[in-house]
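Student: Letter by letter, the chains look like this.
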Amino acid sequence: MSLRELVTGSDVCTPADGGAGPSNAMGSLANALVGRSSKTQEQLRELPGVHGLPGPSAFGGPQSTVDAVARAAAEGDFLDIPGIGPSAGFADEFLAQGRSQQQAGPLPPHFAAFEDIYRQSQRVGPRGPLPGLPPGQLGMQGPQLAPFLQAFLDSGKAGAQFQPLPMPQVPLSMEDQCQIRDRSTIMARHLFADRGDAFADEQVGKLLQSLHINPQALPAGSMQAGVSWDAIFHNAAPHHLMQPTMAADVAAGGQLAATAQQDSQWANEFAQLHLREEPSASANRWANEFQQAQPPAETWAQEFEQRNGPTSRWADEFGRQTAEGTTATSNAQAVDNGAALSQTRKLADTLAANKDPKFQNSKFLQFVSKMSRGEIILEDNQAKEATPSQIGGQWATEFAASDGGLDAAWRELGVAPSAWGEEFAAQNGVGSATGWAGEFAAQKGLDPAAATWADQFAEQFAPAEEVNQWMDEFAREIEGDVAAQRQNGGMEASMPGASGEYVMSADNPFLEDVDSFAKGKELFRHGVLSEAVLALEAEVQRSPGNVDAWRLLGIVHAENDDDQQSIAAMNKALAADPTNPEVLLSLGVSYTNELDQTRALSYLHTWLANHHVHGKVAASATPLPDSSQRLSWVVGLFQQAADQAPADADIHTALGVLYNLSRNYERAADAFRTVLQLQPRDYSLWNKLGATLANSSHSGEAISAYQRALDLKPNYMRAWTNMGISQANVGKYDASARYYVRALSLNPSAANVWGYLRTSISCAGRLDLMQAVEDEDLEALTRAQPL
Amino acid sequence: MLFRTPFNGYAVKFSPFEEGRIAVATSQNFGIIGNGRQHVLQMGPQGLVEVAAFDTKDGLYDCCWSEENENILVSACGDGSIKVWDVQAPAQANPLRSFQEHQREVYAINWNVTRRNLFLSASWDDSIKLWDINAPQSLATFKEHTYCVYAAVWNPAHADVFVSASGDCSVKVWDLRQQRSTLSIAAHNYEVLCTDWCKYNDCVIATGSVDKSIKIWDVRSPTREVTTLLGHTYAVRRVLFSPHAESIVASCSYDMTVRLWDVAAPEDALLRLWDHHTEFAVGLDFSTLTEGLLASAGWDETVHVWNQNTDPRAA
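From first to last, the protein sequence lines are chains E and W.
In terms of full-length UniProt numbering, the first sequence opens at residue 1 and continues consecutively.
In terms of full-length UniProt numbering, the second sequence opens at residue 1 and continues consecutively.
The hints are simulated quantities; they were obtained by calculation from the structure and are not laboratory data.
Check the hints yourself; a few may be wrong.
Unchecked claim - Pulled from the structure, derived: some chain W residues nowhere near chain E, Cβ distances all over 12 Å:
{"id": "1", "residue": "F17"}
{"id": "2", "residue": "S27"}
{"id": "3", "residue": "G31"}
{"id": "4", "residue": "I32"}
{"id": "5", "residue": "I33"}
{"id": "6", "residue": "G34"}
{"id": "7", "residue": "V49"}
{"id": "8", "residue": "N69"}
{"id": "9", "residue": "R272"}
{"id": "10", "residue": "L273"}
{"id": "11", "residue": "L289"}
As the list claims (entries may be wrong) - Derived Cβ-Cβ restraints for the label pairs, each shown as a range:
{"id": "12", "chain 1": "E", "residue 1": "Q707", "chain 2": "W", "residue 2": "R115", "range": "55 to 65 Å"}
{"id": "13", "chain 1": "E", "residue 1": "T579", "chain 2": "W", "residue 2": "N307", "range": "35 to 45 Å"}
{"id": "14", "chain 1": "E", "residue 1": "P748", "chain 2": "W", "residue 2": "E291", "range": "28 to 38 Å"}
{"id": "15", "chain 1": "E", "residue 1": "G765", "chain 2": "W", "residue 2": "R4", "range": "36 to 46 Å"}
{"id": "16", "chain 1": "W", "residue 1": "R4", "chain 2": "E", "residue 2": "M174", "range": "30 to 40 Å"}
{"id": "17", "chain 1": "E", "residue 1": "S632", "chain 2": "W", "residue 2": "Q137", "range": "31 to 41 Å"}
{"id": "18", "chain 1": "W", "residue 1": "Q92", "chain 2": "E", "residue 2": "A217", "range": "56 to 66 Å"}
{"id": "19", "chain 1": "W", "residue 1": "V113", "chain 2": "E", "residue 2": "E666", "range": "21 to 31 Å"}
{"id": "20", "chain 1": "W", "residue 1": "Q46", "chain 2": "E", "residue 2": "A217", "range": "44 to 54 Å"}
{"id": "21", "chain 1": "E", "residue 1": "S632", "chain 2": "W", "residue 2": "A159", "range": "54 to 64 Å"}
{"id": "22", "chain 1": "W", "residue 1": "Q92", "chain 2": "E", "residue 2": "S632", "range": "55 to 65 Å"}
{"id": "23", "chain 1": "E", "residue 1": "G765", "chain 2": "W", "residue 2": "A159", "range": "24 to 34 Å"}
{"id": "24", "chain 1": "E", "residue 1": "P680", "chain 2": "W", "residue 2": "D132", "range": "30 to 40 Å"}
This one's a predicted model, so the numbers in the text were calculated from it and none came from an experiment.
Yeah, the Cβ is synthetic: ideal placement off N, Cα and C, and Gly gets one too.
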């Protein structure tokens, strides 16, 4: 039962069968409020401010509105409705009474104007039927309706209760009555959202009543039993007619059922469409087109699923962040719980400030909306960063992290946030970077280490004037952001920050082991990644300046599918040695994966400028024309350098990365193939090639490339994941599930892969395994889906 | 420029072919009950002049020009039908077609700028239908929302993709090549009344809601909005990205104002505020042919056309 039915009791506009839906709770409410018409009249008379006849209190709105209404009334409307004598006598009597009464409430300011409306409506004679339309078919009731509707709407703005005006029976057909009720309800909900649905329904009820529509006589469901209608009507107390959970469950159930089933009818209709692409391949096309550095997960469903992962994972990361407490970022994160909803929560709070008890009932709507979101939240989660280092890992399988993703997505334009954010910050002084700039800056989640790096970096390049130009800009941006972030306490800070602090593991058995570095390298070579991490962490805790250890740690984390830690470790390495080429290159790659174009370009450019051979190319380049051309300028530089050095694997790798950034996948694949001829046993390059191919909709070829990577390194978890994704892309969901299971057996804590697995399982129709996925029962899954 | 309509305005759209030609969909009695009228106006030296007008049995909630033929106009009608008009044809020949499939009011229509025979209709029967102007029946029905769908808008860069906004508080991105919606964003805590794509970034959408806010989203990171624009004091009825500037958004609201925003501005996103309407402002459009030209329609039965750097009440 959709919300539609709840509101109107039926699916159709004009229920002809005299009462469609099962229980129409909303309708019952409206009915209840309005009550039986005759009784209503009496009740009205007893309301305060009403003597003899209810007066038109609080027809709010400015004078001009009333004029407009009057004009509308005067211009008249069409149909000659037989039998509507403008109830002259009645209206006059009422007006006379209104004027003479001592009313409890103040007379509305424009009561006189309202009087005029009535006068005018009396003067307007019946008009002929609208040309071209059969007479009597229209339900509109001329001048008499407009003021009511106007007042109904104005009552919202004035914040007052709509006091209905009694009118003699106008012959509105049943259809018309339903239509008025339904449309007014929908509109009322737009107007009175902050006062709750019940209030809106009350207003509608009063409107109906004033038009002498008896809602109870309208096709509607049965009334709910066991509620005191009189009490409700008189006291307008908060009432809970709908059990929110029930309604929400129903709504959610409908939602879930709809989405879970295959809509075969649509598929048939769709098949009749003559589209050029085949469905299987086409599924990738558009999603591919705008997922930039985005290897495998092309279809929207999968991309969407990338943000998945058990809620606990996000909570873990979040918990980890709060545990850190070392940076303003993490503190802000702790404070800003549920950042994704904070904005809307503020809004909800504002709306709730009314303290109107009826607002309680709007929880119904909120609950429903939460439930309709609930299915999304179950699947949706904070995106994981996908930033493997270049050397150790493979291409990102996931997609931009939510933290970096948003502004990264903007940066993708090459113009956006860097221009706006930094210009604004630069102009107004970083101190004033509140609001969007602050959020933006905070989202970058800058590591204080970066500031140091920026200083050193700026110093380094002081002499090279041309190069310096946008470098300074970048450095300023970093500084500005850091300062801004500190100033703002990192409001709306991102989730796992793009350059967050590295988190050491607890209970490290290698802490006392002086040989842990050597052991760490050995463990890495043998592919025992989790142990390698511990060994390396022990090393860097003893010698924080050990660049190689940090770098290796970054690589290991990337291969172990923990991009956040990978970037953190790489940044530490960079802090220890700002011009280490491997670190620069890997950071360039990582940030490319995160769609953090500015950072990626900066690191790659620095790498180039520092290169003993290619540095000349960078130094002799024409300066950057303007910041929006940054990407193509850097690509040009790299291409130049690469042309001069056809056997330099690194430069071609970097070029491949850059071409991915600019979505030029053909050239990116060429660049990687060039490198692979030089270094055919580099498993990560095969993985990168695969990812590039997958990005450009060549999932079949991508699978071959991944297979090469896996042949070279059988426990290469990332490649297993990527393979799974490509299999899913070509529609082999069962196979892809098996690959995911294998990947997870190598690293069970990869939240994103759990999400992919969930999608594949459901696409493969193996809903029997869904519970195992939910429980993260790897054993059962491996038994069920072996490779 | 100003034009007064006999009924309450609901939608206004500039023609993509003729400069200064505007379609206005209007309904009697605020669209609650009564007739509807579809106007075609032309800007001229004397102001706005009515070129054609078509009457309908029920109120009209939206209208849309064909991208294929400069004389074809479609209207979304409260009785669930979609009317096709030919501006040049005589009154007896109009409407050319009436597509009657929706079971409830059709609230929005949007034409595909790439596949110029296709258009979408969004309805209060919770569904969206895909139509070919030349086909007798709808080509597809998209039914996933659980409440009224208030808007469906094609992606200007990708002919198969569109976004829909619904009273179930969600916004869904759809792809014609996929059976189910490809993305569902829980955009607001209240009903989402409108949505639009950025014309310069194919991943960015704006949504406007009953909660008085406008949110900008990047569909690649749907968990969190890019930015929120606050300022309206009532539900936001329409939100549009400018066809001429990447970060400019216009909105109109039940608070009777039309506002212009710069979503890229960190603070002071609000560029302009126009309160020329004395009732709900419900119709809004940017002209694609004339940069900076805006039109708005309201329940106060007026249609205003003005340049965004001027005041609508002037001239």
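Student: Does each hint hold? Answer for all of them.
Tutor: Against the structure, the hints:
no.	hint	in the structure
1	F17	holds, 27 Å
2	S27	violated, 10 Å
3	G31	violated, 7 Å
4	I32	violated, 5 Å
5	I33	violated, 5 Å
6	G34	violated, 3 Å
7	V49	holds, 20 Å
8	N69	holds, 21 Å
9	R272	holds, 19 Å
10	L273	holds, 18 Å
11	L289	holds, 25 Å
12	E:Q707 <-> W:R115: 55 to 65 Å	violated, 38 Å
13	E:T579 <-> W:N307: 35 to 45 Å	violated, 54 Å
14	E:P748 <-> W:E291: 28 to 38 Å	violated, 56 Å
15	E:G765 <-> W:R4: 36 to 46 Å	violated, 60 Å
16	W:R4 <-> E:M174: 30 to 40 Å	holds, 34 Å
17	E:S632 <-> W:Q137: 31 to 41 Å	violated, 48 Å
18	W:Q92 <-> E:A217: 56 to 66 Å	violated, 40 Å
19	W:V113 <-> E:E666: 21 to 31 Å	holds, 28 Å
20	W:Q46 <-> E:A217: 44 to 54 Å	holds, 51 Å
21	E:S632 <-> W:A159: 54 to 64 Å	violated, 27 Å
22	W:Q92 <-> E:S632: 55 to 65 Å	holds, 59 Å
23	E:G765 <-> W:A159: 24 to 34 Å	holds, 31 Å
24	E:P680 <-> W:D132: 30 to 40 Å	violated, 52 Å
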